[in-house]
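Asks: As a plain string of letters, each chain reads:
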Amino acid sequence: MPDTLTPGLCSGPLPRVARRRRAVAGAALALLLAVTACTGSPEQRSGATDRTGDAPVAVSGPLCEALPSGAEPGSPGSLVDRSPDQALAWIPVLTTFEAAVRATGMAAELSAAGGLTILAPTDDAFRAKFSTANLDHLLLKDTETLRGLLKEHLLGGARPVAELVAAGSVTTLAGTTLAVTAAEPGARLADRAETVCADYRVTGARIHVINKVLGSLPDTAHEEENHH
Amino acid sequence: MFSALLAAALVATAVPAQAQVQPSAAQQQAEPNQVQGLTVVQGDGYATLAWTQLAGATDYQIERTPYAEDGTPGAPVIVGVWRPNRQINNTEPTFADAGFVPGNRFQWRVRARFGTEAQPYSAPVSGTTKAHWGDPATPGENLRTQWENTLGAQYTSDVNEYAYTAAIDEASDRVRVVEIGRTVQDRPINMLVIGYPKPPATPEAVAATNPLMVNCNVHGNEPGDREACLIMARQLAFTKDSKTLDLLSKTTMLIVPTLNGDGRAANTRGNSTGQDLNRDHSLIRQPETRFLAEMVRDYRPIAGYDGHEYGNTNTGDLPMLPPRHQNVAQGIFDESQKMIEGHMYGQGAKDGWWACPYGCTSNANVGLSEETILRNTLGLKNVVNSLLELRSSGGPTRPDESNTANNRRRKTYSALWTFNEFFKYHGASVGDITRARAEAITSQSANEGRIVFRGSRKIEAYPAPHPGEAPPPVDAPTSERILQQPPCAYKLTEEQYHGERTDGPAGKRTTAAQRIAAHGWKVIKVGDAYLVPLSQPQRGLIPLLLDEQAVEGLVAGERIAPTLTGTHNGPLVVSGVACLDGATVRGPIQVRPGATLIVNGSSINGPVNAAGAAGFVMTDSRVNGPVFVAGTQGPVVLVGNEVTGPVNATGSKGVAPLVAGNTVNGPLSCTGNSPEPSNLEVANSVRGPKSGQCALL
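Residue numbers (the numbering used here), protein chains in the order written: chain A, 1 to 228; chain B, 1001 to 1697.
Possibly wrong hints are sitting among the right ones.
Simulated coverage check for chain A against chain B, where a stretch passes if three residues somewhere in it have a Cβ under 8 Å from a Cβ of chain B [said to hold, decoys possible]:
id: 1; stretch: 81-88
id: 2; stretch: 94-108
id: 3; stretch: 185-193
Below, in silico cross-link-like pairs of lysine to any residue (SDA-like), each with a Cα-Cα straight-line distance of 25 Å or less [as the list claims (entries may be wrong)]:
id: 4; chain 1: A; residue 1: Lys141; chain 2: B; residue 2: Asp1298
id: 5; chain 1: A; residue 1: Lys212; chain 2: B; residue 2: Lys1508
id: 6; chain 1: A; residue 1: Lys141; chain 2: B; residue 2: Ser1402
id: 7; chain 1: A; residue 1: Lys141; chain 2: B; residue 2: Glu1309
id: 8; chain 1: A; residue 1: Lys141; chain 2: B; residue 2: Thr1372
id: 9; chain 1: A; residue 1: Lys141; chain 2: B; residue 2: Pro1399
id: 10; chain 1: A; residue 1: Lys141; chain 2: B; residue 2: Pro1188
id: 11; chain 1: B; residue 1: Lys1130; chain 2: B; residue 2: Asp1044
id: 12; chain 1: A; residue 1: Lys151; chain 2: B; residue 2: Gly1274
id: 13; chain 1: A; residue 1: Lys141; chain 2: B; residue 2: Arg1182
id: 14; chain 1: A; residue 1: Lys141; chain 2: B; residue 2: Arg1279
id: 15; chain 1: B; residue 1: Lys1525; chain 2: B; residue 2: Asp1298
id: 16; chain 1: A; residue 1: Lys141; chain 2: B; residue 2: Ala1265
id: 17; chain 1: A; residue 1: Lys141; chain 2: B; residue 2: Gly1274
id: 18; chain 1: A; residue 1: Lys141; chain 2: B; residue 2: Thr1510
id: 19; chain 1: A; residue 1: Lys212; chain 2: B; residue 2: Asp1186
id: 20; chain 1: A; residue 1: Lys141; chain 2: B; residue 2: Asp1400
id: 21; chain 1: A; residue 1: Lys141; chain 2: B; residue 2: Asp1186
id: 22; chain 1: A; residue 1: Lys212; chain 2: B; residue 2: Ala1506
id: 23; chain 1: A; residue 1: Lys212; chain 2: B; residue 2: Asp1044
id: 24; chain 1: B; residue 1: Lys1508; chain 2: A; residue 2: Ala221
id: 25; chain 1: A; residue 1: Lys141; chain 2: B; residue 2: Ala1068
id: 26; chain 1: B; residue 1: Lys1508; chain 2: A; residue 2: Lys151
id: 27; chain 1: A; residue 1: Lys212; chain 2: B; residue 2: Arg1182
id: 28; chain 1: A; residue 1: Lys141; chain 2: B; residue 2: Asp1044
id: 29; chain 1: A; residue 1: Lys212; chain 2: B; residue 2: Thr1502
id: 30; chain 1: A; residue 1: Lys141; chain 2: B; residue 2: Pro1396
id: 31; chain 1: A; residue 1: Lys141; chain 2: B; residue 2: Asn1314
Cβ pair distances, simulated, as ranges [what the hints assert, rightly or not]:
id: 32; chain 1: A; residue 1: Gly105; chain 2: B; residue 2: Pro1136; range: 35 to 45 Å
id: 33; chain 1: B; residue 1: Gly1056; chain 2: A; residue 2: Ala174; range: 41 to 51 Å
id: 34; chain 1: B; residue 1: Ala1556; chain 2: A; residue 2: Glu223; range: 38 to 48 Å
id: 35; chain 1: B; residue 1: Glu1548; chain 2: A; residue 2: Glu223; range: 45 to 55 Å
id: 36; chain 1: B; residue 1: Lys1458; chain 2: A; residue 2: Leu217; range: 35 to 45 Å
Keep in mind the hints are simulated off the structure, nothing from the lab. Cβ atoms here follow ideal geometry from the backbone N, Cα and C, with glycine treated the same way.
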């Protein structure tokens, strides 16, 4: 695929920023001052394969080229050593899903023993599904329902997308069975959602970014008041 | 052919630092309908492309090609589409290209389309874009936000915001970070107070510098403006630009990065209770909005911007809107429009940003008159201001924004452009803004004319909208939303005023009294009730909270009608409450201890004497004789009067007398008032000597 992105001027990986971003203010201050100078040289990249140390990370799907890659912060290669909840915070199209993980206190559960597969809907998918008021309600007041919704997007075992396709059907942690069919280069799930950037490898989990919200909550996007 | 070469040479000369023309085949031979005269000038996070208008062009496409550090070109991408509704002057087309990583190198080309038929590309112009603002080797300047460091992959967290602003405060004498309050979940709500060489020490001293404010993040899931605010704070704190420092030496910039810290952390529109804070600026049920109201009361900004994002693909880069509520003083509306249409539209056309009225899509039911929206609330508080939306998605005019980071960068740098332009506009127009504000304060205090509960002034689409788009809804007031004869005051019972309320978060609830105080209204205690006179600077807002007809009222106060509207011959002795509206009194007025006198738009021929009154309010009136107000137990308000004779205000207790915009043909003397009198920066014109506490008013 065409490489339309170029490395940033100051694009070295900045792992300390993310790892410590909840540090106390004093420590964070020192860190901010410390990372202001550019460090590290941009890594080479080819296609959507990211290299970190000796481990190549090949993500696939139409959205991948619009996501951080190569030496950019948040690239697939930079996320392999991160916990699932941290990794979600680096993929810029997952702000709603990531907020939902925090709202439900499910960060630890994403690092469950035995690994996990995370089918993470994009922000656009959430906007197409829920009105802003509905999303606010879920995030702030109805986290039990939200937890159930997230479980519709979690599978046991850290499984590559090809393995899901080969299996033909999978069962979510909510107990729902999803049919999985091939949809090159990824998968189609429950005849509804497709992977748009699959196979992020993170510590103990696989993250597949998908383009629709799964589960059975009612659509409310049409109620959007669009007041801003 | 020769002329094309000449044009290219001129272009190269015009912008030597930022752009060079590279010789190419296309350039050596100008083709029919080829765009000529392309220039590229670098801004902070954007590049302004300008070219010569081509007769008959339907629109133009902007192409950008990245260059790797070793000079290898990448794949060209169409990043922009210029349409005729982008700017008010179509004869000099411009486009602000943004979304790229600051500091990277690119080549740009522009081509016209006739209908959908693409014409040849212009000769290319290449240049290196500006890196993140600030010398990486200079302490302070080298601070970066989390958003900058991650190239837009992450927004700056609450903790990193506090660390970053504390570091600016530490490194720059120009900046003081003030905590104006706390959110429901106890996050600090900070404000950067920025002046040169340092900001004034107190809110009162800041108010004397005609400050301007930017509210950067009221909806937690609309974070683009906030990142611009954080970058702008660094620019103002460390810039060596003499023009900026000159402006900063004459005023004070107030930046509230995150009013809704809980919503930002949770990525929700509302605060932690789910309340949309931009539907709460009048009722101020939530602590966040109440603290902002108190900030506005104490620091008295004269102009403001309120930052948002908006999910409409068709509208402009930067939808803006003035305070439209019809109770807003005409001059405040006019000045806000002048700032938006007079400056932002014009400057946007120069720099390539597309400012347009918010709501400019058919059937959009947005941009209306709710006084709960900060844009309107600030207008009702006589602050010239605008809403700012950053169009959420790239839409048809910015087709390369499926990349989230590109999209985030375009939004934030367009906000940074707007806030910097706002700062410059304020500096250039401070005389007009303060004049409009002074007129608004005096005209509102006169309590003249109808009250509208909901209803807007009209906003024209300008320039003509693109097909499918329309001006914002007219939103005219309906007859049941109009009160032709406003009362003199509202009377609130003890229960209404001090009673417990349930419309706020548990543990943070406030009474009507606390909210009225946060807005800064004058209240007169009369027996076991409380009078809120309309004749004060926020007259347009008061009925929207206290009238029985209010759409989103606070309490339904009792309307107190004027007691005298005609002519009274002979002495007038006031006991209890008297309200004169358009009255003529031929004789002296004596206000007895504990009584209240409210006078609007009246004429008094004789001395006015009040000793130990509960309250004394006189606006828009003519007095032929001395005015002596002594030992008032509650507020003293003297605004926009013409007095022939001495004016004396002494020994009032508890509330600062307001003495503003009066013409006194005689001496003005104030002594022993606690707190000291204020004029809200609206000077009095005094023929005789000014002395005591009023010496500087």
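Asks: Honestly, do B/Gly1056 and A/Ala174 meet the 41 to 51 Å range at C-beta?
Replies: Since the Cβ atoms of B/Gly1056 and A/Ala174 sit about 59 Å apart, the hinted range of 41 to 51 Å is violated.
Asks: Is 38 to 48 Å respected by the C-beta to C-beta distance linking B/Ala1556 and A/Glu223?
Replies: violated (31 Å)
Asks: Would the pair A/Lys212 and B/Arg1182 pass a check requiring their Cα atoms to be no farther apart than 25 Å?
Replies: violated (37 Å)
Asks: State, for the Cβ atoms of A/Gly105 and B/Pro1136, whether the hinted interval 35 to 45 Å holds or is violated.
Replies: holds (39 Å)
Asks: Could you tell me whether the CB distance from B/Lys1458 to A/Leu217 stays inside 35 to 45 Å?
Replies: Cβ of B/Lys1458 to Cβ of A/Leu217: about 41 Å, so the range 35 to 45 Å holds.
Asks: Do the beta carbons of B/Glu1548 and A/Glu223 sit within 45 to 55 Å of each other?
Replies: 31 Å Cβ-Cβ, so the 45 to 55 Å window is violated.
Asks: Are there at least three residues in the stretch 94-108 of chain A whose beta carbon sits under 8 Å from a beta carbon of chain B?
Replies: As far as the stretch 94-108 of chain A goes, the hint holds, because 6 residues have Cβ atoms under 8 Å from chain B.
Asks: Given the hint that A/Lys141 pairs with B/Pro1188, test it: the Cα-Cα distance must not exceed 25 Å.
Replies: holds (23 Å)
Asks: With a cut-off of 25 Å on the C-alpha distance, tell me whether A/Lys212 and B/Ala1506 pass.
Replies: violated (37 Å)
Asks: For the pair supplied as a hint, A/Lys141 and B/Asp1044, is the alpha-carbon distance within the 25 Å limit?
Replies: Roughly 40 Å between the alpha carbons, so the hint for A/Lys141 and B/Asp1044 is violated.
Asks: Between A/Lys141 and B/Ala1265, does the CA-CA distance stay at or below 25 Å?
Replies: holds (15 Å)
Asks: Holds or violated: A/Lys141 with B/Gly1274, Cα cutoff 25 Å?
Replies: holds (8 Å)
Of the hints listed earlier, those the structure fails to meet are numbers 1, 3, 4, 5, 6, 9, 19, 20, 22, 23, 24, 25, 26, 27, 28, 29, 30, 31, 33, 34 and 35, in rising order.
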